[in-house]
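Let chain A serve as the given structure and place chains B, C and D on it in line with the hints.
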Amino acid sequence: MTSERVASKGLSTGARCPARVIFTGDFSDRYTGSVREFEIEANNLRGVIKKLDERYPGLGERLEKETTVAIDGEIHEVDYSQPVRPGCEIFFIPKIEGG
Amino acid sequence: MRYEAPRTLEAALALLSSANGQARVLAGGTDLLIGMRAGHVAPELLVDVKGITEMTSILAENGGFRLGAAVTCMDLVEHEAFAKAWPGVIDAVKLIGSIQVKGRATVGGNLCNASPAADSVPAMIAADASVSIAGPNGKREERIENFTTGPGKTALAKGEIVTSFLLPRRLPHSGDAYLRFTPRTEMDIAVVGAGVNLALDDGGVCRQARVSLGAVAERALLVPEAAAALIGSKVDAAALERLAAAASAACRPIDDKRGTREFRIKIAGVMARRAAEIALARARETS
Amino acid sequence: MTKHHVTTTVNGDAVEFLCEAHETLLEVLRDGLGLTGTKEGCGTGDCGACSVTIDGRVVCSCLVLGVEAEGKAIQTIEGMAAGTRLHPLQRKFLEHAGLQCGICTPGILVAARSLLERNPDPTEEEVRYWLAGNLCRCTGYNKIIDAVLDAAREMRGADHA
Amino acid sequence: MPDTMTFTKKELRVVGTRPVRPDGVPKVTGLARFGADYSLPGMLWGRILRSPHAHARIRSIDTSKAQALRGVKAVMTSADLPEQKFEYVGPERVAVNFWHMTRSVMAREKVLFEGHPVAAVAATSKTIAEEALGLIEVDYEVLPHVIDVEDAMKPDAPLLFEDMITRGIEPAPDRPSNISKRIELKIGDVEAGFAAADEIVESSFKTAPVHQGYIEPQACLARFDTDGQAELWASSQGHFVIRALSARLLGMDIGNLRVYPAEIGGGFGGKNVPYVEPVALVLARKSGHPVKIVLSREEVFKGCGPAAGSIMTVKIGIKKDGRIVAAAGVFKFQAGAVPGSPVMNACMCAFSPYDIPNVRSVGYDVVSNRPKTAAYRAPGSPISAYAVESVIDMAAARISMDPLQFRLKNVAKPGTPTVWGPKHAHEGFAETIRALMQHPAYTTPLNKNQGRGVAAGYWFNNGGESSAAVHINEDGTVLVATGSSDLSGTRASLAMMAAETLGVEFDKVRPTVADTASIGYGHLSAGSRTTFATGIAVVEACKKVIGNLCARAAMIWDVNAEDVVWDGGCARYTGKKSGEFEPLSLKAIAVKKSVTGGPIVAEVSVNAGGVAPGFAAELCDVEVDPETGAVKVLRFVTAQDVGRAIHPSYVEGQLQGGAAQGIGWALNEEYIYDEAGRLTNAGFLDYRVPVASDLPRIETVLVEVPNPNHPFGVKGVGEANIVPSLAAVANAVSRAIGQRMTELPMSPPKILKAMNGGR
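Chains A, B, C and D supply the protein sequences, listed in that same order.
The first sequence runs 1 to 99 under the working numbering.
The second sequence runs 1 to 287 under the working numbering.
The third sequence runs 1 to 161 under the working numbering.
The fourth sequence runs 1 to 759 under the working numbering.
Okay, chain A solo, but in the shape it has when bound (with noise of 0.2 Å):
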C-alpha cells in the first residue's frame, strides 16, 4: 500500500491533526496510480475532496458520483458539509444502492 501527503497549499496551520483518507475499491488503480492513502488537512468534506482533486484533476467528481463515504466507520452520503475531525479516518467506498 503506497501513500501520500496531499499538499494542502499553505492552507495547513500546522498545528491541526491530518485526517487520514483511504481509497477501497479500484478507485485507487483507475485515478491515484495505485496511491490508496492520504493525509489531508481539512475542516470538511469539501476540503478533502477539493485537494485530491487538485492533486488528481477529475478524481473529485469521481469520487462525488461513485462513492459514499465513511468517516470513522460512520456512513455517509457524500456531502460536501459533513465534517472532518482532526485525525479521523476516511474510507472513500462504492456507494450502495439497495433492494
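Hints may contain errors.
DSBU-like, lysine-lysine: derived pairs with alpha carbons at most 35 Å apart [to be verified]:
| # | chain 1 | residue 1 | chain 2 | residue 2 |
| --- | --- | --- | --- | --- |
| 1 | D | Lys750 | B | Lys94 |
| 2 | A | Lys50 | D | Lys85 |
| 3 | B | Lys257 | D | Lys409 |
| 4 | B | Lys257 | D | Lys85 |
| 5 | D | Lys154 | D | Lys126 |
Hint data in this document are derived by calculation from the structure and do not stem from the laboratory.
Showing chains B, C and D alone in chain A's frame:
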C-alpha cells in the same frame, strides 16, 4: 370468435358439427382460457356446456354414480355421498389447482385437456370409471384408461364430447386413494401421481386392485403389474414393496422442468405404496 | 366483431355490459365497468389477485369469460363493505397489518370471506390451504392468517362468549 | 427550543404502538389505485414486441404493416430513442451506462435475451395492439447464446459484446470476454492467515437466478403534450428516479416530465429502474394520445430483471478454539445481458458479520443471454451469505462447536475492520445472535429426519436524499408529504414519527406520497432507507415547523420568542411572567395562522448519512422426507436488529416477508432455460414462490439497539432479514440429511440425489 351456451346436449352437438373452423367445448375454462391467452389455441367457436343439465349433475346409477363431465371440482368435493364412496377421487380432485380454479375446473375438462399429469385421471382409472361420449353418430362408452392417447390427444372424434362418467358400485371392504408429488404443497402440477383402488375379502386379503400412475408417461397409465402385487396379499410390507417396484418399472417418463426421469421413476413407487396404504386403511374402515 | 350483451348483477346491482367473446370477466370488470379493485397478477389463475365470487363460488376472474356472467351474481372487493361499514375481515386485515403493498389484498379478502361463509371456525391449516391460491410476496402470510382467524373468531361471536 | 430532539423509549407515545395505517382503508376496499388502475379519455393500449431468440442480430425491422392496421396510432422502435454515450456513470455498484440502458429498454443492433423488447405499438384496443405486434416483421440473424455463468466465462463462449474488455484487471486483457469486471477486496495477509490455521474448510456453491416475484406487473400511463410537457402515472420504487431516467432516455428535460406515484404492488428492488415508462412516453409523444402499458406475468419474468445467479467458492481457516483467522471467497455473478450484477455488494457483505483479520473477496460480473439483473432485497448479500454461512456451519461442525456460539465468538464489533475498508461503527450484531440463542426454539429437541440450521447476515442499509413537507392546517391537523413511494406501510411510520415529534395524535397526521412537481427530490424506496432517511427529513421538517409555531405563540402572547418552548404538543412560555399564559396547542396556534404570518409550512430536504447496518440471525427447522427429498419447513425464527421499531407490526411483517422469500429462494425458485435459451417457467405455476400452506408461522424477534444517528434510533429493516434465510434453510437441510447441500434451489430431486450419495 363466437360464443354459444346451448341448453341441451343435442344443441351443443349441432353447434360443434356445424362449426367452420376450430370449435372448442368450454366447461371450466381453466386450461382453455390460458391456452387462448397464450395463443396456443384460437377457436372459431366456443360451446359453453355448463347450461346442459345432464352434464352438470351428480346422480346415483346402478349403485354407483353418474358424474356429469361439467360438474365443477368444488361441487364434487362438497357432494357428501360421492366423497364418502370415492375418497380417492376426491383426493385427486382437491388437488386440481386452487380453490378458485376448483370453483370452475371440471373432471371432464381435466380428462379432455389430456395432460399426462392430470390429477383426476389416475384416480378415475383406479376407480374403474367409464367415459360416456356423445357425438354426431350417437353415444358410446370408453374405458377411461383408453381415453387419452398422448399429450393433448384423446380418443374423441370430431364433433364428439364427453358428457359424463360412470363410477361403479363400491365393493364391500374397498377403498381408494390418490397421492401426488409436487415441490409445493399446493398450486403445482404433479411430478408423479398415483391412484390406488383396492377391495379386501372378509379375511383382509386383497381380491381386487387397480393402480394407475400419472406424469410418468405420455398419458396416465393403468398398471396391472402393480395391482397384481397386491391381489392375493394382505397388503403387507412385502406386497407394498412389490407394488412399488412394479410401479417404478412401469414408468417411461421424460426429463422436464418439473422433474427428472430418474426422480419420477423412484418417486412413482413411493407414491403408489403410500397411496395403497391409505386405500388399505380406508378399505378396512368400510363395511 | 359482434359484441355480446350481458345482463348480470355485480355487488347486488343490476349491470348490463357489452363485451367481445374473448374478453375475460376481469377485463370487463376493470376496463369496462371501472371496478379496478380486482387485480391482475398473472392472468393464468396462479396468483388469485383477481378473485371474485360468482353465485357464491370464489373463482379467478381472469379464467372466466365476460359472457359467462350472464344471469349470474358477481361479488367483487368493491362490494365487500356494507356501505360505510367495513366487513370484519377488512377491519382485521387493518388491525393485524395483514397487508404491506396491498395488491394481493382484495383477492385474499374475497377468498377468505368465501372460506368463512363455508367454515366459520377454520383451523390455521385450513386457512393456509384455502388461501394457497392467493399469492402474497410481502408478508410471508403470517399476519394474513392471523387476521382471518381473528375475523372468524369475531364473526362467530366468540369475543362475547 | 432545544436544537436536538431525541426520545428515550419511555417517553414515546406513538412510536412503538400499532395504529391502523393511514392508507389502509382504500387498500382493503379495492379503491387504492395501483399502476394499472389509471385511465384517461382517449387512452390507447401499448404493447411490446419481444425477441423470441436468446441472442440474435437485428438485420431489419419493418413496421409498415402494423402502422397501416386500423386502430394503430403509433409504432416505435429504438430509432425513436436518442443514442446514448458509452460511459459508466454513477455509483460503482449500479454504475449506469445509458448506452446499455437504452438498449435494455428497446434493442438496437442485437437482441440479447429472450423477451428483449424490439418494438412497441399503441392502438385503440388491446386486441388491435396485439394483432399489430404480429404484423411487425423483424429479420433476425440468430447467434449462438450462452446462459450459465461458467459457460459465459469460457474463452470460446459466444460474446454478447464483441469489444468488452474486463475492467479491474491490470494489465487489461487483450481479448474481449463476457466478464465485465473483476473486483478484489482485501485486508491482512490471507496466505499467512491460512498457514496459521488449524483447520481449513472450503466448498463451492451454485445458486440459480430468482425473481423478486412482486405480484403487480409493471404498469404505467403516459400522456405527452405537443409543447413537450408530459405526465406519467407509474408504480415504481422511486418516481423521481423514474423521472430522471425516463427523461434522459427520451432526451427531454426533467422539468418537462411530471411523475405521479401510483400505489406499488411490490417491488423488492425490481422496480428501481424503468421498463415500460420510456416506451409509453414515446408512444404517447408519437400518437398524441395517452398510452397505457400493463405487462403480462410472462413479460415480467422474461423481460424485467431477476436477481443474479452465481457460482462461488468460499474458504475459511480457523483455530482449534473456533477463532476464524482467514477467509477467502470468489464470487462469480451472472449479470444478465448487461453488466451490473450486485457482485460488489456480495463481496463487501460476505464476511462483514465477522471479525476476521485476513480476508480476500474476489468478484466477477459476467454477462450472459438472460434479462439484465435487477436489485432484489439486499442485492448480492443473501447469495454470498449462503456460501459463507454454509462454510461457517461446516467449520463449527468440524470442531464440534455450537453453530451460534461459533458465530458469536467471531462476531464483528464496533472497531472491527471490514474487508471494504472502514471499521464497523455500530453495535447490534452480537445482541442479535444472543437473542436467537435465547429463543426457546434453539433448544427444542428435533426428531428423526429433522434438522436445524442457523445463519447470520449483514446488510449496509442506505441513507441518501429525501424530502418532506409538513403543513399545519387551520384546524390543527397535519399534512406530511414526502417523495418516497410506500411499498409496505411507510406512510404509517413517517406519520407516527411526525405525530411523536409534534406531540399530536397519530390520526391528526395525514401522510401523502407527493408527485415530482409537488415535493423535493426523494430517492428510491430501496435499501431499507425510507423510514430512516425520509424519516429524518420528516422529523427535521417537524422541528422546523415547531420553531415556526413557537414564534407564532410568542406573537400571540406578545413575548420574546426565546422564551417559548414546544413540549407535549403545546407551546409553553418559560419566561418571567410564567403562569400568566396557558400553553397554546398546535390547534390553537393554527387557528391564528392568518394573523401570525399566513400558512404554516416547512419543507426539509436531506442527504441523510449516519445509517446503521442491518443484522439478522435466523433459525430454521426442517423435516426431509427420506423417500422423496421433499422439505417441510417446520419452524422459522428470525431475529433482526431494527434499531427501533416505529410500527412493530410492519417491522415484523418485513422480517416475515424476507424470510418467506428466502425460503422460496432456498427450496424451489429458479429460472429454468431450454436448449434454445428460452425461459420455460415464466409463470407462477412453475416459478414456485411459497404459498400459504408451504410456510410455518414465521416467528420474529425484534432486537432494538438504537442507531444514535437517527432521532428515533431507526436502522433500516427491509432487507437484512433475507440475508441469512437461504443459508439457514440450507444448513437445516444439510444437517437433516447429513450431506452438505451446495446448490440452490434445494429441489427434491437434488436432495434425494444427495441422500443417495450423489446417485
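Outcome of the hint check:
Restraint check for Lys750(D) and Lys94(B): satisfied, since their Cα atoms lie roughly 28 Å apart, inside the 35 Å limit. In summary, the hint linking Lys50(A) to Lys85(D) is supported, as the alpha carbons are separated by about 27 Å, within the 35 Å threshold. The straight-line distance between the Cα atoms of Lys257(B) and Lys409(D) is roughly 43 Å, outside the 35 Å bound, and the hint therefore fails. For the proposed pair Lys257(B) and Lys85(D), the alpha carbon gap of about 41 Å is over 35 Å, so the pair is violated.
Between Lys154(D) and Lys126(D) the CA atoms are separated by roughly 44 Å; this puts the pair beyond 35 Å, and the hint is violated.
The structure fails hints 3, 4 and 5 (numbered hints given earlier, in ascending order).
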